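Here is what each chain is made of, one letter per residue.
2 protein chains.
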Amino acid sequence: SVNPDLASERQTASFCVEKLTALLDGGAEKTRIRRAVVEAIESDPVFSRENQYFQTQNERYEAAVRKAVHLQKKMHEMGWTEDGPEYKYIYRALSGDVAFLLHRVFMRSISVLGSDKQVAKWIPLATQHQLIGSYAQTELGHGTYLQGLETTAVFDIATQEFILNTPKISAMKWWPGDMGRSATHTVVFAQLYIHGKCYGIHPFIVQIRSLQDHSLCPGITAGDIGPKMNFEHIDNGYLMLKNVRIPRDNMLSKFCEVRPDGTYVRQGSQKINYFTMTTVRISLIADEVVIPLMKACTIAIRYSAVRRQSKLKPGEQEAKILDYQTQQEKLLPQLAAAYAFHFINDYLQELFDRGYREIQRKNFDMLPELHALSSGFKAVITHHSTAAVEICLRACGGHGYSLLSGLPSLYTKILASCIYEGENTILLLQTARFLIKCFMAASAGQPVPPSVTYLAAVKPGKCPAKNKLDFLSPDIYTEAYQHVAVRLISSTAAKLQDLIQSGVKKYDAWNQCTVQLVQAAKAHCHYIAVKNFAETVENLETKAGIQKIMKHLCDLFALHGIFSNTGAFLHDGYVSAAQMDMVTASYLDLLAVIRKDAVPLVDAFDFTDKNLNSALGSYDGQVYQRLYEWAQKSPTNKMSPAYERYLKPLLHNTLSKL
Amino acid sequence: SVNPDLASERQTASFCVEKLTALLDGGAEKTRIRRAVVEAIESDPVFSRENQYFQTQNERYEAAVRKAVHLQKKMHEMGWTEDGPEYKYIYRALSGDVAFLLHRVFMRSISVLGSDKQVAKWIPLATQHQLIGSYAQTELGHGTYLQGLETTAVFDIATQEFILNTPKISAMKWWPGDMGRSATHTVVFAQLYIHGKCYGIHPFIVQIRSLQDHSLCPGITAGDIGPKMNFEHIDNGYLMLKNVRIPRDNMLSKFCEVRPDGTYVRQGSQKINYFTMTTVRISLIADEVVIPLMKACTIAIRYSAVRRQSKLKPGEQEAKILDYQTQQEKLLPQLAAAYAFHFINDYLQELFDRGYREIQRKNFDMLPELHALSSGFKAVITHHSTAAVEICLRACGGHGYSLLSGLPSLYTKILASCIYEGENTILLLQTARFLIKCFMAASAGQPVPPSVTYLAAVKPGKCPAKNKLDFLSPDIYTEAYQHVAVRLISSTAAKLQDLIQSGVKKYDAWNQCTVQLVQAAKAHCHYIAVKNFAETVENLETKAGIQKIMKHLCDLFALHGIFSNTGAFLHDGYVSAAQMDMVTASYLDLLAVIRKDAVPLVDAFDFTDKNLNSALGSYDGQVYQRLYEWAQKSPTNKMSPAYERYLKPLLHNTLSKL
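Chains A and B, in that order, give the protein sequences. Counting in our numbering, the first sequence runs from 1 upward without gaps. Counting in our numbering, the second sequence runs from 1 upward without gaps.
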């Protein structure tokens with residue numbers, strides 16, 4: 001039975017939920033396929049996440065390995081293949097709670113970086129899981145700055161082997177998933193030395209555990225790096241190498257080879273690797289960021305329609321907390337952001353598919369733009385979404401703080417996305433470097449990539465809005481965003497120039513501008529996100545109320561961004577104080593409008609209860625019943641030795657005194 | 001041996017670290033006492049937190065009970081008493097990792113709300129821990145809004161008993177600490193009914209577990225609410241009552257009594273209770289918020305002086321990440337905030353001591369102001385500090401994400417402070433209600449409490465700063481903050497008036513202004529925090545470089561607040577765009593100045609390595625060694641059944657194929 005407070009929210013939806021779901025999936029047929037995958041996974045008890053919040057790190061790891069192994073059987077049984085249309089839904093259906101993700105990276109790196117002979121040798125074994133691979137790049141003392149890696153691989157002509165070492169503690173490999181306990185092999189990135197000369201970072205296949213009894217191989221020290229904020233199911237590991245010898249054939253040699261006599265040969269282009277890195281950043285956005293954000297919105301908004309607290313009007317019953325303006329102001333902008341990021345992800349995917357096709361035709365022209373966009377959006381979307389999930393958690397008060405709400409684990413997991421695959425600040429500075437370059441080029445009248453042509457058309461002007469309704473015009477707010485992006489990029493470029501001209505060294509000048517460069521890069525991405533949302537809305541079908549509600553969300557996304565960052569728009573007077581008051585009024589009005597459709601808007605994300613795994617977010621809204629049922633299953637409801645040991649001696653003669 | 005990168009930071013301190021520590025402690029004698037307590041606690045292995053990050057919730061609970069029981073012995077042994085000067089340092093030395101905190105609240109509520117007879121009966125037993133108490137107020141469906149509590153206590157004249165019930169699932173008591181597993185008794189808050197008439201919420205002592213075998217008493221259902229984001233050591237519990245009968249004497253009856261014939265008698269003033277609630281909010285700021293923030297700053301700043309990443313200047317070794325402007329911009333404002341909040345806490349403590357003295361003289365005039373300040377600062381400081389700890393965590397990259405860094409548990413614990421003892425948004429609205437009232441009074445020429453007299457002196461004017469150095473003048477920035485607070489309060493008051501005059505009902509009008517009311521309340525608190533910091537600095541002794549470095553931090557705290565919220569200052573032109581550029585320039589300059597003293601500034605917090613419990617934050621900066629040593633102790637480095645069960649069958653015949 002559905003909680004009547006939630007049921008009533010669904011009766012007044014202004015649009016067709018099923019149609020919106022299909023839009024998000026990219027068509028009704030895809031919705032059908034996705035649901036079939038979800039059904040198959042969720043009906044299989046091996047994949048259950050039911051007791052997840054009660055499990056220790058050891059139990060989570062064991063379950064993840066069990067699921068990974070079982071998944072192979074399942075795929076075979078269901079006829080799913082890695083190339084099939086179902087594949088992309090499996091990970092989502094499992095909520096990522098599965099092992100051997102780095103094994104896939106191991107395979108991908110051999111496919112991309114290995115010679116045909118190496119591919120033929122290793123890929124079949126890896127596909128069958130007859131070995132478990134990992135990917136050992138990051139070191140205890142070295143992350144983003146790859147040139148700084150300290151692990152060495154010295155070529156020994158006499159034996160035709162590479163001798164691998166992690167010469168210092170900071171050189172120890174640290175973080176690789178699947179390596180702490182599972183992996184038998186890994187791809188180690190090390191500085192290649194031949195005849196005492198360093199040739200830079202290269203990848204080597206290294207066996208680390210025995211295939212007979214899983215004991216560590218000679219010269220190998222490895223283990224698990226211990227507890228983390230999340231990812232309990234993954235055995236992130238450490239690895240020390242002491243004079244570990246591997247055959248010459250184990251250096252992945254599609255692009256570089258060491259000949260038997262020690263000659264170093266580089267062949268082909270490495271640009272494609274550079275591209276691989278950028279695609280990884282884009283590919284994580286959907287599964288690791290947007291989906292978790294949608295889950296958090298679903299949980300917090302359903303709960304807010306069920307939770308009643310205080311009286312809004314005297315004499316009435318306590319009000320749904322979703323009816324308070326402050327609660328709407330917390331949650332609805334996050335909902336709008338979830339939609340905005342879904343659509344920008346579509347845009348980026350499309351752009352990258354196009355880029356990939358160009359690269360296959362040996363045209364690398366799009367690479368700098370793609371790199372800048374993937375870096376910037378990875379940073380902006382992970383940052384914004386992490387903050388959004390935290391807001392959802394806090395908006396649920398005490399119950400949001402219970403692991404049973406599902407929100408803490410969504411938060412602690414999404415937080416990692418700000419750090420992995422490139423730390424966000426460093427990525428934003430990469431985007432900024434591209435923007436400054438393009439701005440200089442555009443100022444000099446040179447051509448620039450499509451996403452930054454707006455930098456060439458700097459118009460001073462003022463925002464033309466005359467009343468609060470004008471701020472519901474996409475042209476008005478998109479131009480305001482554009483204006484801010486241009487202003488921040490151009491003023492930072494000017495500061496940089498001034499510093500250099502005043503005699504400050506280039507690298508010092510750059511460092512002194514980095515806080516503002518980060519702001520400029522964010523403004524650029526925010527502008528593109530708003531523009532893309534507005535364009536997407538314009539192209540939607542007007543049927544079934546979809547376009548109308550999406551337009552509201554687009555307006556909210558845009559106006560929330562202005563409302564939360566008024567100074568950027570007011571600074572040079574592009575938006576006046578009176579206009580800013582109109583923005584505020586329109587923004588607050590929109591909250592009340594979207595609030596009416598809030599529950600249908602999260603229903604459209606179409607999460608099953610099992611997939612949400614939240615006592616607060618279930619479709620039926622039976623929050624209290626579920627919290628109570630789940631709590632009773634907690635291992636903390638078993639007898640503790642603390643009673644016999646510590647409490648009983650204290651209490652034993654109280655009775656006589658009462 | 002101290003990491004040389006860290007040692008070099010200490011050699012150039014511009015001030016005397018030991019003098020600053022004494023200032024923070026309130027005198028060198030207090031520093032001595034604090035250190036003696038820390039030494040006594042940390043040298044006792046029972047209080048060790050060494051393996052904390054590896055323990056399950058059950059293990060954490062058991063350890064917390066063990067420590068709580070042992071603490072009684074320790075206090076006796078050391079001659080520490082609850083009134084002595086050592087007492088306040090014990091909890092800090094234990095990092096709060098101890099049970100029976102709600103037992104103290106149980107005792108306090110009996111002392112405050114109980115009759116002399118009740119105090120005489122229960123307090124001695126509770127002091128000796130011959131019973132374990134809890135405090136059962138919050139329900140599954142009811143938090144902040146106390147009038148909404150659903151638990152009932154019906155007086156039965158025939159038996160002279162109260163019959164207690166939690167009539168619905170939402171009425172179940174939920175969250176009380178020490179209740180899930182430990183407590184034998186609790187104070188239950190319930191709606192009192194006599195002859196069918198409701199007299200509102202009253203407190204009742206209820207026994208919930210047997211003193212003989214700890215089994216649940218008849219009519220009682222109780223247990224642990226399960227896993228939370230932190231507080232694994234606390235057995236937060238649930239409690240259902242079904243026709244539980246307690247003697248008439250168990251209603252705490254200092255202020256209200258039910259006579260044997262069912263007559264209800266109210267006596268004395270309840271205002272003191274109201275005051276108790278506000279003091280709790282102030283008392284949590286130091287231990288639960290400022291100290292954790294100081295710890296996070298210590299960890300992140302020491303790590304940033306040791307971690308090297310990328311090259312800042314070509315040809316040099318990799319740079320300390322603390323030398324990057326973006327890293328400084330993340331961490332140094334948090335450091336400044338830690339000092340600002342320490343000083344505002346001193347101010348609030350003093351104010352409350354004064355308030356307490358007045359109340360004892362039956363003068364309740366200060367109550368509304370104290371309530372507004374305690375609500376507002378609880379919300380502002382917990383919110384800001386939670387965000388600050390998260391920034392510290394993320395600024396440490398991957399290693400910050402490891403539990404071994406100590407940062408995840410600092411974050412997940414401080415986060416709860418935004419929710420407990422009054423949810424922050426609700427508290428800010430309480431402050432706002434006070435501000436609107438005072439603004440109206442001030443506008444009408446009526447007298448207002450000291451902290452809001454500035455509302456009467458609204459000056460339009462403009463910021464007089466002429467160059468970036470002017471923004472290092474406390475008068476300049478304090479007035480800017482004051483101007484913004486007045487503007488936000490007065491404009492929201494005007495909006496509220498306008499809505500009501502246009503016919504909107506008062507409660508609707510209030511709801512439509514709440515987003516802006518929250519902003520106004522924050523601006524008020526921010527202004528007072530800046531003003532207090534500036535005044536504190538002015539009164540410091542100029543010796544030993546203390547005043548100079550504190551002045552820098554005060555400037556940074558103030559300018560960071562402007563830089564992060566430029567729109568509020570630009571809106572009506574009080575600060576012009578050109579002046580805002582001066583603010584930015586001064587702010588960025590300050591980062592480079594304070595960076596030089598960053599490590600000494602966190603050293604002054606004087607945390608021991610055991611108290612920090614962080615692989616990244618130790619005094620000697622041997623980060624990598626410690627991460628490696630600690631990781632090896634993780635239970636995830638034991639053999640997992642996953643190998644035999646799932647991996648071995650996969651790998652068993654790989655050897656033949658390689």
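Some clues are possibly wrong.
As the list makes no split between identical chains, a pair holds if one copy fits it or if it spans any two.
What the hints assert, rightly or not - In silico EDC-like pairs for lysine to aspartate or glutamate, Cα to Cα no more than 20 Å straight-line:
#1 121 with 350
#2 633 with 59
#3 320 with 423
#4 197 with 97
#5 495 with 589
#6 311 with 508
#7 320 with 508
#8 73 with 644
#9 320 with 5
#10 468 with 498
#11 638 with 59
In case anyone wonders, no lab produced these hints; they're calculated from the structure. All values reported here derive from a predicted model rather than from experimental measurement.
Give me the numbers of the hints this structure contradicts, sorted from smallest to largest. Structure breaks hints 1 and 4.
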